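Visitor: Residue numbers (our numbering), protein chains in the order written: chain H, 178 to 438; chain C, 6 to 266.
The hints are simulated quantities; they were obtained by calculation from the structure and are not laboratory data. Remember, it's a predicted structure, so these values are computed and weren't measured experimentally. Hints are not guaranteed to be accurate.
To be verified - With a straight-line Cα cutoff of 25 Å, these simulated DMTMM-like cross-link-like pairs (lysine to aspartate or glutamate) come out:
(1) C:Lys248 x C:Asp223
(2) C:Lys54 x H:Asp326
(3) C:Lys107 x C:Asp133
(4) C:Lys54 x C:Asp17
(5) C:Lys110 x C:Glu70
(6) C:Lys109 x C:Glu157
(7) C:Lys54 x C:Asp199
(8) C:Lys54 x H:Glu331
(9) C:Lys258 x C:Asp199
(10) C:Lys107 x H:Asp326
(11) C:Lys107 x H:Glu331
(12) C:Lys109 x H:Asp327
(13) C:Lys248 x C:Asp171
(14) C:Lys258 x C:Glu245
(15) C:Lys107 x C:Glu157
(16) C:Lys110 x C:Asp122
(17) C:Lys258 x C:Glu24
(18) C:Lys107 x C:Glu118
(19) C:Lys54 x C:Asp66
(20) C:Lys107 x H:Asp327
(21) C:Lys107 x C:Asp122
(22) C:Lys107 x C:Glu70
(23) C:Lys109 x H:Glu331
(24) C:Lys248 x C:Glu37
(25) C:Lys110 x H:Glu331
(26) H:Lys226 x H:Asp208
(27) C:Lys54 x H:Asp327
As the list claims (entries may be wrong) - One side of the interface only, derived from the structure: several residues of chain H facing chain C at Cβ under 10 Å:
(28) Ile338
(29) Gly339
(30) Ala342
To be verified - Computed beta-carbon distance windows for the label pairs:
(31) H:Val328 x C:Leu235: 31 to 37 Å
(32) H:Arg432 x C:Arg187: 37 to 43 Å
(33) H:Ala342 x C:Gln35: 26 to 32 Å
(34) H:Ile369 x C:Ala172: 57 to 63 Å
(35) C:Asp128 x H:Arg361: 38 to 44 Å
(36) C:Ser45 x H:Ala281: 43 to 49 Å
(37) H:Arg361 x C:Lys109: 35 to 41 Å
(38) C:Arg121 x H:Leu424: 26 to 32 Å
Glycine included, every Cβ here is placed at the ideal spot set by N, Cα and C.
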Amino acid sequence: MSNLMPPSRRVAVVLALPVTLIAAWWITSADSQSFYFPPLQTILQTFAKLWFSPQALQNVVPSLVRFSIGYLAAALLGIGIGIPVGASRNLRNVLEPVLEFLRAIPPPVLVPVLILFAGIGDEMKTLVIVFGCIWPVLLNAVAGVCALDDVLAEVVRSYRIGRLARLWHFVLPGASPQIFTGLRQSLSIGIILMVVSEMFAASDGIGFALVQYQRTFAIPEMWSGIILLGIIGIVLSQIFRAIEAWLLGWYHGLRQSQRAN
Amino acid sequence: MLEVNRLRKVYDDASRTVEAIRDLSFGVGQGELVCIVGPSGAGKTTLLKCIAGLLAPTSGDVVLEGLPVTSPPPAMAVVFQEYGRSLFPWMTVHDNVLLPLKQKKMTAARRQELVRDALSAVDLNGVDGAYPWQLSGGMQQRVAIARAVAYEPHVLLMDEPFAAVDAQTRADLEDLIRVLWRRLRVTVLFVTHDIDESVYLGQRVLVMSHAPTVIMEDVTIDLPDERTQLETRSMARFGELRKHIYSQIQLAKQGWRPPSK
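The shape of chain C in the complex, shown without the other chains (with noise of 0.2 Å):
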């Protein structure tokens, strides 16, 4: 359903030529949950920005449900790292979640459901009528993963959503999205630094290498599906793919590369 073809991006202004991306090329199938995991500078954002439709690749392309990618689609949302920056703070959380909503041709009601359905998924009930900047920050990612949810995409793009928050709001948060998207049936690509976080929540784990970037290894998650936070990351299964990952970065951090096609 979302597939990435041979996807470069270089950075070209006067003073330098920076080659974020070299050569990648991925697909991600209806209704999966796959994680990109690399190094920090790794060029994950550029390649979700490319995804999302918010820049532009130098070369390749970006193909959503048949049609190439050339601005934001109207099938995708996108959650990101910045909570404290991606909310507008001079509306209240709901009208937080029903601006979005203000574009799509639906009757007022549906959108009023929509923005209630989505707020009460998130677990955020009774905070409606308060303004972001009230809440915490793992509150304030919870409404921006409702106004994600509220738009009813087919993919959900989520680029580090959860590095800014503590340990603990982070596994309830991680858990909110194995429920959500187990329930909504929505394809999400999710990025993150961190090795844990990808093998908990996926079902494949894309490796990335230093810039430029390549992929150096798919990686297929093969937990059980009914996963939590105490049981899956004590299984000897996670332990070995957790490694397995991990030594990928460390080779990853040292310039290696997969020999290119």
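Only chain H is shown next, with the shape it has when bound in the complex (with noise of 0.2 Å):
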């Protein structure tokens, strides 16, 4: 239904709620007194000072670094990891409840344990956000390479295709769709911890810089970051989408010929 709607049309549907609700902040901050509200016009301002000044890319470089790094280990290990678990069934009545025990552990209480041996740098940041990360993407991993179709597996037998190009031509393409679900989850995941990650022993990134803004009472400073947060969240799971469809364009119009019959 919304893609017969014309550009200009779905434009102004997406971006109704989102400008009512920034001028309802406009309008009701306009003339708060409030210390720990302060107008959004006011919130703006620090916010074009602050984050489009080369100052602030000390703060925003090293989360992105980080958060990068994290994820894409996550993944890379999470697909890794996955695929020869999803593969085998001993293997996975093996993993499995180990998996579940450690998928249960909160990421966030690592970060103590993980500065005993990991220091409070780079690393230990990045292994919280990989710690994080991973178990979404492996778990569906593991659940996309069981539920490959067992036709299409006789097909590949049948035929004598080899181990790498079964990997790359039918084990990864037909655990895409789950393994794209794992990546999603752990993409807002990853965000999360890139910031808490860097609240606790920290000398740069944004993490660190809206606790030193809430610390010394920097009231703008902090709302500015947190709207600087949300921004990030929504330009990377732009990219994720746009990555997403282009990767799963097939399945897409596979579920979409499937409806239609």
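Bring the two chains, given one by one in their own frames, into a single complex with the hints.
Guide: Okay, structure coming up:
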């Protein structure tokens, strides 16, 4: 249905609520005297001054670098471990209880532990992100491999398709819709952990900056940092959606053709 | 060229033992088109998987061109019943046909030539770039047949390939198989539950009993080689053969089986 709307109308529908909320915030806070809830205008002016300055990069860049490395490492590890585990029933039976336990540990509690042997540097923060992001990818990769089609598996065998080609042309694409489900969950976990890991022991990063502003009662700065995190989240999820649309175009087409029948 | 010797298959799992095939022996000569017909639940698919090297027989063996079949042989191609599940949905029609050829030693140009020839042999031109799920069921099965043809097999195994397409598409596909068989001089083993289809297509029809399966009769189809849906199917001889096989199948359903040798 939404596909049939003219583009101008679609843009209007998407933007209607955000614009309304921002306007409401702007108007209700316009002559606010509260120290903790300054006018949105003040926050936005601070935002422009703070985050479009060169020194802002000193906090934003380290955060995004740690996030990217941690997230990509978790994705590669999750897929790399998940595929052999999904392919082997024995391996699955042995590992499943352990995986479920590890997944149940809230990653932030690992920060103090990781500080002990990984220090308070980038390694610790990246490891926290890896540890939090790996589980959804890994468990979804396992499920994706388990759910591969038997008929296609027989096609692969009967045409004597080799191991590498099997992995690349059958197992990975076949499990990719599930893997992307895991990657999407991990994306938001990764952003949360990026900030949380910087709140404990850090000398840079967006999370570090937020805590600094809060402790020094730099309230408009604090609010502007929260807005920045929201914007980073939106941008990352848009990038993610673009990659997904490109790699899983076949899947959405297949689903649509199945619904049509 | 293809020998099935005293083949027996028993499915043995923790809860129960099922004897699917009791004792099957038959041979298929070079360039023959043999149909296997039997009531549903006759173990036709089991037999085909044993011949294809996808399933290990409990006892007995399958010999192709002098060599026992223990894994899928390179000189064999299989067309499966479930066309919707036997093509890779993430690959275009062209890539689906190409993938098995990448396992064979030949030049890239030769591969492209085989793909092109196979697709035009099944009357699929101009859909190279389409995805399988964009095509009708009959066209999807043509892609699967093209993939088998491009593989240049000596034996083509077909497991009820037209069971899921509509009657008119089915008649077209039957004629296509006759044309391809005569043109490529490939040996074809065609499994079906449709008596008319077996008589129309085959030079010989093997009638199978109910499980545990044995061969009820090996019927020679003495119809002229030039067959057309309209004329062949209205011949008196077609009716006789059809009636004969039908009565054999009825006997099979009642549990009658030939005295064991």
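Visitor: None of the hints should be skipped; say for each whether it holds.
Guide: To see whether the hints hold, each was checked on the structure:
With a CA separation close to 15 Å, the supplied pair Lys248 of chain C and Asp223 of chain C stays within the 25 Å bound. Distance check on the hinted pair: Lys54 of chain C and Asp326 of chain H sit about 17 Å apart at the alpha-carbon level, within 25 Å; holds. As the CA atoms of Lys107 of chain C and Asp133 of chain C are separated by approximately 17 Å, the hinted pair is consistent with the 25 Å bound. Proximity of Lys54 of chain C to Asp17 of chain C is assessed by CA-CA distance (about 16 Å); at most 25 Å being required, the pair is judged to hold.
Taken as a hint, the Lys110 of chain C and Glu70 of chain C pair is honoured in the structure, with Cα atoms around 21 Å apart against an allowance of 25 Å. With a C-alpha separation of about 11 Å, the suggested pair Lys109 of chain C and Glu157 of chain C falls inside the 25 Å cut-off, and the hint holds. A distance of roughly 19 Å separates the Cα atoms of Lys54 of chain C and Asp199 of chain C; the hinted pair therefore holds under the 25 Å criterion. Between Lys54 of chain C and Glu331 of chain H, the direct Cα distance comes to roughly 9 Å. Compliance with the 25 Å bound is thereby established for this hinted pair.
Proximity of Lys258 of chain C to Asp199 of chain C is assessed by CA-CA distance (about 14 Å); at most 25 Å being required, the pair is judged to hold. Between Lys107 of chain C and Asp326 of chain H the CA atoms are separated by roughly 22 Å; this keeps the pair inside 25 Å, and the hint holds. For the hint pairing Lys107 of chain C with Glu331 of chain H, the CA-to-CA distance comes to about 17 Å; that is within 25 Å, so the pair holds. Distance check on the hinted pair: Lys109 of chain C and Asp327 of chain H sit about 24 Å apart at the alpha-carbon level, within 25 Å; holds.
Between Lys248 of chain C and Asp171 of chain C the alpha-carbon distance is near 24 Å, which keeps this suggested pair within the 25 Å criterion. Distance restraint check for Lys258 of chain C and Glu245 of chain C: the Cα-Cα separation of roughly 20 Å lies within the 25 Å cut-off, and the hinted pair is therefore satisfied. Between Lys107 of chain C and Glu157 of chain C, the direct Cα distance comes to roughly 13 Å. Compliance with the 25 Å bound is thereby established for this hinted pair. Taken as a hint, the Lys110 of chain C and Asp122 of chain C pair is honoured in the structure, with Cα atoms around 18 Å apart against an allowance of 25 Å.
Under the criterion of a C-alpha separation no larger than 25 Å, the hint pairing Lys258 of chain C with Glu24 of chain C is consistent with the structure, at around 17 Å. Simply put, Lys107 of chain C and Glu118 of chain C have alpha-carbon atoms about 13 Å apart, close enough for the 25 Å limit, and the pair holds. Between Lys54 of chain C and Asp66 of chain C the CA atoms are separated by roughly 12 Å; this keeps the pair inside 25 Å, and the hint holds. Distance hint between Lys107 of chain C and Asp327 of chain H is fulfilled; the C-alpha atoms sit about 22 Å from each other, no more than 25 Å.
The hinted pair formed by Lys107 of chain C and Asp122 of chain C meets the criterion: a straight-line CA distance of about 16 Å does not exceed 25 Å. Distance restraint check for Lys107 of chain C and Glu70 of chain C: the Cα-Cα separation of roughly 24 Å lies within the 25 Å cut-off, and the hinted pair is therefore satisfied. A distance of roughly 18 Å separates the Cα atoms of Lys109 of chain C and Glu331 of chain H; the hinted pair therefore holds under the 25 Å criterion. A threshold of 25 Å between alpha carbons decides the hint, and for Lys248 of chain C with Glu37 of chain C the separation of about 23 Å falls inside it, so the pair holds.
Simply put, Lys110 of chain C and Glu331 of chain H have alpha-carbon atoms about 22 Å apart, close enough for the 25 Å limit, and the pair holds. Annotation: proposed proximity of Lys226 of chain H to Asp208 of chain H holds, straight-line Cα distance about 21 Å (limit 25 Å). For the proposed pair Lys54 of chain C and Asp327 of chain H, the alpha carbon gap of about 13 Å is at most 25 Å, so the pair holds. Taken as an interface hint, Ile338 of chain H checks out: its beta carbon lies about 6 Å from the nearest beta carbon of chain C, inside 10 Å.
The beta carbon of Gly339 of chain H comes within 6 Å of a beta carbon in chain C, closer than 10 Å, and the hint placing it at the interface holds. Taking 10 Å as the C-beta contact cut-off toward chain C, the hint placing Ala342 of chain H at the interface holds, the least distance being around 7 Å. Distance hint check: the CB atoms of Val328 of chain H and Leu235 of chain C are about 34 Å apart, consistent with the given range 31 to 37 Å. Distance hint for Arg432 of chain H and Arg187 of chain C: a CB-CB separation of about 40 Å, consistent with the stated range 37 to 43 Å.
At about 31 Å, the beta-carbon gap between Ala342 of chain H and Gln35 of chain C stays in the expected band of 26 to 32 Å. The hinted range of 57 to 63 Å is satisfied by Ile369 of chain H and Ala172 of chain C, whose Cβ atoms lie roughly 58 Å apart. At roughly 42 Å, the beta-carbon separation of Asp128 of chain C and Arg361 of chain H lies within the given 38 to 44 Å, and the hint holds. Checked against the hint of 43 to 49 Å, the C-beta distance between Ser45 of chain C and Ala281 of chain H comes to roughly 48 Å, which is consistent with it.
Restraint check, Arg361 of chain H to Lys109 of chain C: a C-beta distance of roughly 39 Å satisfies the suggested window 35 to 41 Å. Hint check: Arg121 of chain C to Leu424 of chain H, Cβ distance near 28 Å, so the stated range 26 to 32 Å holds.
Of the numbered hints listed earlier, not one is contradicted by the structure.
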